[in-house]
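Novice: Sequences and hints are given; from them, build the entire structure.
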Amino acid sequence: MTTGGLIALSPLIVLAAATVGVMLVIALDRDHKRTAALTLASLVVALLALPIAASATTRQVTPLLVVDDYALFYIGLTLAATFAVAALSYSYLENLAGQHDEYYLLLLSATLGACVLIASNHFVSFFLGLEILSVSLYALIGYVRTRQACIEAALKYLILGAASAAALLFGMALIYAELGTMDYAQIAAARPPPGSADAVLLLVGWGLMLVGIGFKLALVPFHLWAPDVYQGAPAPVTAFVSTVSKGAMFALLVRFFAPMNIHAYPSLVVVIAAIAVASMLVGNFSALLQTSVKRLLAFSSIAHLGYLLVAFLASGALAVAAVPFYLVAYFAATLGAFGVVGARSGPDGDADGFEAYRGLSRRNPWLAAAFTAMLLSLLGIPLTGGFVAKFYVGLAAVQSAVWIPVFVMFLSGALGLFYYMRIVVIMYMRAPADQPITPAASLASRPSGAVLAILTLLVVWLGVFPALFIEIIQTWIAR
Amino acid sequence: MSATFYLLAAVAVIATVLVITHTNAVHALLYLIVSLLAVALIFFTLGAPFVAALELIIYAGAIMVLFIFVMMLLNLGQAATQQERRWLDPRLWVGPAILTIVLLAELAVTLSNTNRLAGGSVVGPKQVGILMFGPYLLGVELASILLLAGLVGAYHLARRDTRRERGEKPA
Amino acid sequence: MSSVPMAHGLLLAGVLFGLGLVGVVARRNIVFMLLSIEVMLNAAGLAFVVAGSRWGQADGQAMFLLILAMAAAEVSVGLALLIQLHRRFKTVDVDAASNLQG
Chain A
1 MTTGGLIALS PLIVLAAATV GVMLVIALDR DHKRTAALTL ASLVVALLAL
51 PIAASATTRQ VTPLLVVDDY ALFYIGLTLA ATFAVAALSY SYLENLAGQH
101 DEYYLLLLSA TLGACVLIAS NHFVSFFLGL EILSVSLYAL IGYVRTRQAC
151 IEAALKYLIL GAASAAALLF GMALIYAELG TMDYAQIAAA RPPPGSADAV
201 LLLVGWGLML VGIGFKLALV PFHLWAPDVY QGAPAPVTAF VSTVSKGAMF
251 ALLVRFFAPM NIHAYPSLVV VIAAIAVASM LVGNFSALLQ TSVKRLLAFS
301 SIAHLGYLLV AFLASGALAV AAVPFYLVAY FAATLGAFGV VGARSGPDGD
351 ADGFEAYRGL SRRNPWLAAA FTAMLLSLLG IPLTGGFVAK FYVGLAAVQS
401 AVWIPVFVMF LSGALGLFYY MRIVVIMYMR APADQPITPA ASLASRPSGA
451 VLAILTLLVV WLGVFPALFI EIIQTWIAR
Chain B
1001 MSATFYLLAA VAVIATVLVI THTNAVHALL YLIVSLLAVA LIFFTLGAPF
1051 VAALELIIYA GAIMVLFIFV MMLLNLGQAA TQQERRWLDP RLWVGPAILT
1101 IVLLAELAVT LSNTNRLAGG SVVGPKQVGI LMFGPYLLGV ELASILLLAG
1151 LVGAYHLARR DTRRERGEKP A
Chain C
2001 MSSVPMAHGL LLAGVLFGLG LVGVVARRNI VFMLLSIEVM LNAAGLAFVV
2051 AGSRWGQADG QAMFLLILAM AAAEVSVGLA LLIQLHRRFK TVDVDAASNL
2101 QG
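Residue numbers (the working numbering), protein chains in the order written: chain A, 1 to 479; chain B, 1001 to 1171; chain C, 2001 to 2102.
Calculated from the structure, these hints are not laboratory results.
This one's a predicted model, so the numbers in the text were calculated from it and none came from an experiment.
We put the beta carbon where it would ideally sit given N, CA and C, even for glycine.
Mixed in with the good hints there might be a few duds.
Distance windows between CB atoms, simulated [to be verified]:
1. C/M2006 x B/V1109: 52 to 58 Å
2. B/F1133 x A/A450: 19 to 25 Å
3. B/F1069 x A/M429: 53 to 59 Å
4. B/A1097 x C/G2018: 51 to 57 Å
5. A/Q99 x B/I1057: 42 to 48 Å
6. A/A188 x C/A2007: 36 to 42 Å
7. C/R2088 x B/F1069: 47 to 53 Å
8. B/F1133 x A/V20: 56 to 62 Å
9. B/G1129 x A/V20: 24 to 30 Å
10. A/R363 x C/G2018: 53 to 59 Å
11. A/A41 x C/G2018: 45 to 51 Å
A few chain A residues that don't get close to chain C, going by computed Cβ distances all over 10 Å [unchecked claim]:
12. D31
13. K33
14. A41
15. L50
16. S55
17. A56
18. L128
19. L155
20. V269
21. F285
22. A321
23. R363
24. F407
Specialist: Below is the structure:
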């Protein structure tokens, strides 16, 4: 590996060093505040290393990783999202008894896994990044191990996750058996004549890989874990699962399939379109029936990944810019929504039922306003980031004539009006007189309050002045 | 050579069927070890002696011992005594023993044919090592982070509660 | 190896993979589910070694080694969760331990 390669890898090296560093600091002495501060500081250092990495002359570091502008954009997004999660976690964990230091260690290793996944250029790094992310997440989901729901959610995620990882590996093995290479570019270049036995084996391989990818993205036949894990996991971890883990996998999906021109394989396009339509329908209709905020957000997230797949199916310059914009808007709104859920939670469990939010506007108007902004953005109301993102995806899909998915997207998306607004209405209703008032100090302590304020501003800013951000995306990705 | 492969494949499949149908966990584990032994021999016939050895040492050795260890931790009291009594029942031993004898015979046949096999495409430990510590070096380092995450996660999840977590005052 | 067609090696891996999948879906005891996952991962590793021997490359074996590392990490976390579940709720059954709806 050359010096240029090391420079290009610097954000990942900072993360790996931070993981080990946090471990050593914990070994010396446990102090929640110090561990959290160290974690936040190392994430900032990793973010500052991004321009340095961008100046590197070597972008292809060993056959495994490629640190191009595309990768750096998503690594930056991942690091920023992890920063928000870590700040939200600090306030959340302060309310709980027990040792919190390992949490940050696992959070850093999970982030490293996500970044490797984004920069991967080879099956080996794909698999390793995915597994570092997954194994860290198993432990993070079950982190509050005094809660039964946490342990159960972690076991469910582990068993389904390991089974789907095995399917992914089997698919990779079939592709490798057929083509003799595990490098994305060479896989994309090799194109056996359609209908031959070779093409069939390749399609089976891609199908099995889609199982593994679909599991991480919680797309419809593989979404069964999502509601339980969202509900059982601690709120900041749910935010991480919903944003960083899904975003990294989606970035990989685009990188893996984009050079291949999936439209040369009609059966693959049909399968992906069917998955997208099913995810939008199941996500939106099931969300209507939920009585738990976290489960509702789980189904809404399934629907959102369906919308993203619509953008993935659409080809062209618009689609290339639509995916990152959608992901940023989705990240901000989802992190904010789970941040509010986390801020409303006490030592006994997360605030999950709708009743926990009744009359929130009176007791804590700022929190209620932030939650309203997040939900409206997820719904896609004008003047929020979610609206511009959805509009963009729709435009890209119409331009590429992906008619049925885009039709389903707007019709089923309208259902969001009912389930998101239900929470908003409850927040602005008068609280029953006999309800005990939660002490205000535990509602939103300083770090999570600051993060929520920034996220709210971001959601609104993306909706009102999207042009600046679109320009950033176009200089970083679409060149 | 090919007859060996199909016999080994048959042993592996039969043992695996017994793994997923058996009700006794320790017994299923024994069958899984037999299945792993068969797969290790298949690796050997495929010209991959290095991973054949690792399959035995790490899979059949370390990971399965981890399973046995946890089963022993969980089977406390009355259930363990019954388990112990059932262990002495010879019927439980017959199945794995027969399959293992088949494997042993195959091992003898395979080893006596080793010279012939080496003429084919054997990918030895040296080539694997050169690949792992050359182009895949970053992969090895990432695998260490993966094991670290597994270690820290397992440590945290299996740890007993501190006094504060049990809701008592710290001593 | 030349006497055994690659398709048969992949077929064996496929059969073992399917058996493991059946085990994960059909069993309710978490110990058996974890064992079945080991079967599936091992089958994927077998497929990689078969594929590697087809091309005479070391890549398949290298991937198997990494799968081994991943299986170890995965199973240790799974067993740790199992110990915690047993300590708190005296069960290793998925159905008995399912307070979550759905």
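Novice: Would the non-interface assignment of A/F407 survive a Cβ cutoff of 10 Å against chain C?
Specialist: Check passes; 29 Å lies beyond 10 Å.
Novice: Falls inside 47 to 53 Å, the C-beta gap from C/R2088 to B/F1069?
Specialist: Violated - the Cβ-Cβ distance for C/R2088 and B/F1069, about 20 Å, lies outside 47 to 53 Å.
Novice: Is the gap between the beta carbons of B/F1133 and A/V20 within 56 to 62 Å?
Specialist: violated (21 Å)
Novice: Would you say the C-beta atoms of A/Q99 and B/I1057 sit inside 42 to 48 Å of each other?
Specialist: violated (34 Å)
Novice: Please verify that the nearest CB of chain C lies beyond 10 Å from A/V269's CB.
Specialist: Label holds. Min Cβ-Cβ 26 Å, cutoff 10 Å.
Novice: Was A/A56 rightly flagged as not at the interface, with every chain C Cβ beyond 10 Å?
Specialist: Since the minimum Cβ distance to chain C is about 26 Å, A/A56 lies beyond 10 Å and the statement holds.
Novice: The output says A/L50 does not contact chain C. Does that hold with a beta carbon cutoff of 10 Å?
Specialist: Per Cβ check, A/L50 is outside 10 Å of chain C; nearest 28 Å; holds.
Novice: When you look at the beta carbon of A/L155, is every beta carbon of chain C farther off than 10 Å?
Specialist: Incorrect as stated: the minimum Cβ-Cβ distance to chain C is 5 Å, not above 10 Å.
Novice: That 52 to 58 Å hint for C/M2006 and B/V1109 (C-beta), does it hold up?
Specialist: violated (22 Å)
Novice: Given the hint of 19 to 25 Å, check if B/F1133 and A/A450 actually sit that far apart at their C-beta atoms.
Specialist: violated (46 Å)
Novice: Is the gap between the beta carbons of A/A41 and C/G2018 within 45 to 51 Å?
Specialist: Check passed, 49 Å falls within 45 to 51 Å.
Novice: Between B/G1129 and A/V20, is the Cβ distance one that fits in 24 to 30 Å?
Specialist: holds (25 Å)
Checked against the numbered hints above, the structure violates hints 1, 2, 4, 5, 6, 7, 8, 18, 19; every other hint is satisfied.
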